[in-house]
Amino acid sequence: MEELKFGFWLSLLMLPFGGAGTSPQTSINTAPPVSTSYLHFALENADTEQVTHAVEEGYAAAGVSRNDTLTWQFQPYDGIVNWYNQHSQVINLSELPSDDEVAPYWDNWSKTLTAGNWDWRAFFADEAEARTMARFNQFVLAAHEYGHALTYRYDPEHEAREGNEVNCRELPADRLAAGLLEEMAGVDPLIAGYRQRYAELVAAINAAIAQDIRYAVIDYARLDADCHLMHVAQPDETTMAPYASAYFARWQALLETDLPPLAQLYETYLYAPLRARLSQSSDEASWVTTVDWIDDDIAGNFEHGAITGWRLPAFAPDGRLYVMSYAVTPGDGDVGLFVSYGPAGSKKKTVIDSAALGARVADPQFFDLTAFLPLGPDRFLAASSDLWGDEASVVVLDVERGPEGWTHRMAQPLPGVVPSETRLRMGADGVVRLDIYQFGDDDAPARWLSYRLDADRLETGAMTELPDSPYVRFSDLPDGAGLLIDQQNPSVLLERDGPALRIAGNGLQGYKELGDPLEIEFISPSAAIGMDGRIRVLDYEPYLEQYVVREIELER
Numbered sequence: 001m002e003e004l005k006f007g008f009w010l011s012l013l014m015l016p017f018g019g020a021g022t023s024p025q026t027s028i029n030t031a032p033p034v035s036t037s038y039l040h041f042a043l044e045n046a047d048t049e050q051v052t053h054a055v056e057e058g059y060a061a062a063g064v065s066r067n068d069t070l071t072w073q074f075q076p077y078d079g080i081v082n083w084y085n086q087h088s089q090v091i092n093l094s095e096l097p098s099d100d101e102v103a104p105y106w107d108n109w110s111k112t113l114t115a116g117n118w119d120w121r122a123f124f125a126d127e128a129e130a131r132t133m134a135r136f137n138q139f140v141l142a143a144h145e146y147g148h149a150l151t152y153r154y155d156p157e158h159e160a161r162e163g164n165e166v167n168c169r170e171l172p173a174d175r176l177a178a179g180l181l182e183e184m185a186g187v188d189p190l191i192a193g194y195r196q197r198y199a200e201l202v203a204a205i206n207a208a209i210a211q212d213i214r215y216a217v218i219d220y221a222r223l224d225a226d227c228h229l230m231h232v233a234q235p236d237e238t239t240m241a242p243y244a245s246a247y248f249a250r251w252q253a254l255l256e257t258d259l260p261p262l263a264q265l266y267e268t269y270l271y272a273p274l275r276a277r278l279s280q281s282s283d284e285a286s287w288v289t290t291v292d293w294i295d296d297d298i299a300g301n302f303e304h305g306a307i308t309g310w311r312l313p314a315f316a317p318d319g320r321l322y323v324m325s326y327a328v329t330p331g332d333g334d335v336g337l338f339v340s341y342g343p344a345g346s347k348k349k350t351v352i353d354s355a356a357l358g359a360r361v362a363d364p365q366f367f368d369l370t371a372f373l374p375l376g377p378d379r380f381l382a383a384s385s386d387l388w389g390d391e392a393s394v395v396v397l398d399v400e401r402g403p404e405g406w407t408h409r410m411a412q413p414l415p416g417v418v419p420s421e422t423r424l425r426m427g428a429d430g431v432v433r434l435d436i437y438q439f440g441d442d443d444a445p446a447r448w449l450s451y452r453l454d455a456d457r458l459e460t461g462a463m464t465e466l467p468d469s470p471y472v473r474f475s476d477l478p479d480g481a482g483l484l485i486d487q488q489n490p491s492v493l494l495e496r497d498g499p500a501l502r503i504a505g506n507g508l509q510g511y512k513e514l515g516d517p518l519e520i521e522f523i524s525p526s527a528a529i530g531m532d533g534r535i536r537v538l539d540y541e542p543y544l545e546q547y548v549v550r551e552i553e554l555e556r
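All residue numbers in the sequence shown are consecutive under my numbering, ending with 556.
Hints are computed from structural coordinates only; laboratory data are not their basis.
A virtual CB, placed ideally from N, CA and C, is assigned to each residue, including glycine.
One or more hints might be untrue.
[To be verified] Listed next, with one range per pair, are the computed distances between beta-carbon atoms:
| no. | residue 1 | residue 2 | range |
| --- | --- | --- | --- |
| 1 | Met463 | Gly533 | 27 to 35 Å |
| 2 | Gly376 | Gly163 | 52 to 60 Å |
| 3 | Asp226 | Trp287 | 41 to 49 Å |
| 4 | Phe74 | Glu513 | 24 to 32 Å |
| 5 | Asp516 | Gln234 | 35 to 43 Å |
| 6 | Asp456 | Glu421 | 24 to 32 Å |
| 7 | Asp454 | Arg360 | 15 to 23 Å |
| 8 | Ala221 | Gly533 | 51 to 59 Å |
| 9 | Gly305 | Asp516 | 43 to 51 Å |
[Said to hold, decoys possible] Straight-line C-alpha distance at most 25 Å; calculated DMTMM-like pairs for lysine to aspartate or glutamate:
| no. | residue 1 | residue 2 |
| --- | --- | --- |
| 10 | Lys347 | Glu541 |
| 11 | Lys349 | Asp378 |
| 12 | Lys348 | Asp398 |
| 13 | Lys512 | Asp295 |
| 14 | Lys512 | Asp155 |
| 15 | Lys347 | Asp378 |
| 16 | Lys512 | Asp292 |
| 17 | Lys512 | Glu555 |
| 18 | Lys347 | Asp296 |
| 19 | Lys512 | Glu284 |
| 20 | Lys347 | Glu303 |
| 21 | Lys347 | Asp398 |
| 22 | Lys111 | Asp126 |
| 23 | Lys111 | Asp212 |
| 24 | Lys111 | Asp100 |
| 25 | Lys111 | Asp78 |
| 26 | Lys348 | Asp295 |
| 27 | Lys111 | Asp236 |
| 28 | Lys349 | Asp398 |
| 29 | Lys347 | Glu400 |
Please construct the entire structure, taking both the sequences and the accompanying hints into account.
Right, here's the structure in full:
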């Protein structure tokens, strides 16, 4: 059911009671029939892991892209909520009950949702059916949670778009799960029988819920046209029954409906919203491949004595990846810095060893280095920022290795310009750009101030205003095109005279390399550099759990 910001979700149906790939298609897939072998094995053996396989394989068979970073966590059968956390991309699923857990499983459902009014022993034909349907119920709940995962993956704004109405959040997950169940029933008579029995099950439990808190069944076509027809309150431990009744009523409506094929549901409810939010595309890229695997800690934090330090990776103009590690020691109106530097995958050299910076810093507690531009093995630039807006001048560092070893220079070239966020990048003309973000106010909208930076004098020159954008801007390509990364919808874009055009990535998070660059998936593109005829992007490989460099070849 749902999600981090809500405390309880559909499958709160499981609280402890008493004590106890491919990219977004533009046309409907003609997929091979879904297999039900995983599901049969799971039902026979109470194998929760096989249920997850059944769900993932069933959805994927209709052509939807899997999320390579999604994980399942299993919990006790009788006491833990099933829910999907869209932020951590984790599905928490209660385990299938074993033979001796079936009775307490259904006792919980009856007691919690119907105050004991539903007699499950009278409903099921025998113990074998009670056992099978308990496990089948967990499969349906798993399919529901994965339906949430798919919906948030393709259409993350669906909840806000409907005013955060609970029923509008739950219906998309139910619809996909019902579509999967109908797909499986169409190829497997035994599953078709379970589906029919599940329809009778949800109707029976709903009928046993007190009438004053019970939801009536609304025709699916009406509910699909207006999900607000059922107003559902987010439950707590004492209000699960009406919340569950809404779930049962939705499923009664769905199971009475001949739904379109699952691939068509994807087209309508997943692919179309994804296409609507993506930028326009261009076929300027011809291929994407992984060219390097980084066996090194190049991002995140580290401990430097009693201080937490941070690592920043970035590409030099020649395409080589470097890492700057730094730790800040706040002083009285100044800061001390520890900085190390070197190529990714190699030993880093200490280039500043706890030296006082000598800068005029308004609040040393919030001083941070967030911009980093390597110029080669012997030189790099760095710049500060202050998200809180207390600082009135950006600090620029030039760190260089000479005959006497590493030295550094510091300048504050823009007094009075608040560096809320900073970036350093190389322009197509070979001149460094210092970009500083400005929050909007009554006098001006949010924007970027892009200054030419004389790297030898550490002085700023002409300034150009750039509009605020959801994209992260990196060094320009040699031909003048702006290189942008969309980190919310992972993809790479180029900006020329008109709007930025997507050249690689389908906007979904994943790690897939396919023939068409517009169909590949990125996990978390975090650095990029444009060179002659190619672009390098730093990404993460979730299966090997290491950073990688992926190269985009451009059409010449």
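Hey, Lys111 versus Asp126, does the alpha-carbon distance stay inside 25 Å? OK: Lys111 and Asp126 at ~20 Å, within 25 Å.
State, for the Cβ atoms of Asp226 and Trp287, whether the hinted interval 41 to 49 Å holds or is violated. holds, 46 Å
Hinted pair Lys349 and Asp378, Cα distance within 25 Å: holds, 11 Å
Given the hint that Lys512 pairs with Glu284, test it: the Cα-Cα distance must not exceed 25 Å. holds, 19 Å
Does the Cβ-Cβ separation between Phe74 and Glu513 fall within 24 to 32 Å? holds, 31 Å
Is it true that the CA of Lys111 sits at most 25 Å from the CA of Asp236? holds, 16 Å
Run the distance test for Lys349 versus Asp398: straight-line Cα separation, threshold 25 Å. Judged against 25 Å, a Cα distance of about 16 Å means the pair holds.
Hint check for Asp516 and Gly305 - Cβ pair distance inside 43 to 51 Å: For Gly305 and Asp516 the Cβ distance comes to about 49 Å; the hint holds.
Between Lys512 and Asp155, is the straight-line Cα distance small enough, at 25 Å or below? At roughly 20 Å apart (the allowed maximum being 25 Å), Asp155 and Lys512 satisfy the hint.
Between Lys348 and Asp398, does the CA-CA distance stay at or below 25 Å? holds, 17 Å
Is the straight-line distance between the alpha-carbon of Lys347 and that of Glu541 25 Å or less? Given pair Lys347, Glu541 holds - Cα atoms ~22 Å apart, limit 25 Å.
Hey, Lys347 versus Glu400, does the alpha-carbon distance stay inside 25 Å? Holds, at about 17 Å.
Violation of the numbered hints given earlier is absent; every hint is satisfied by the structure.
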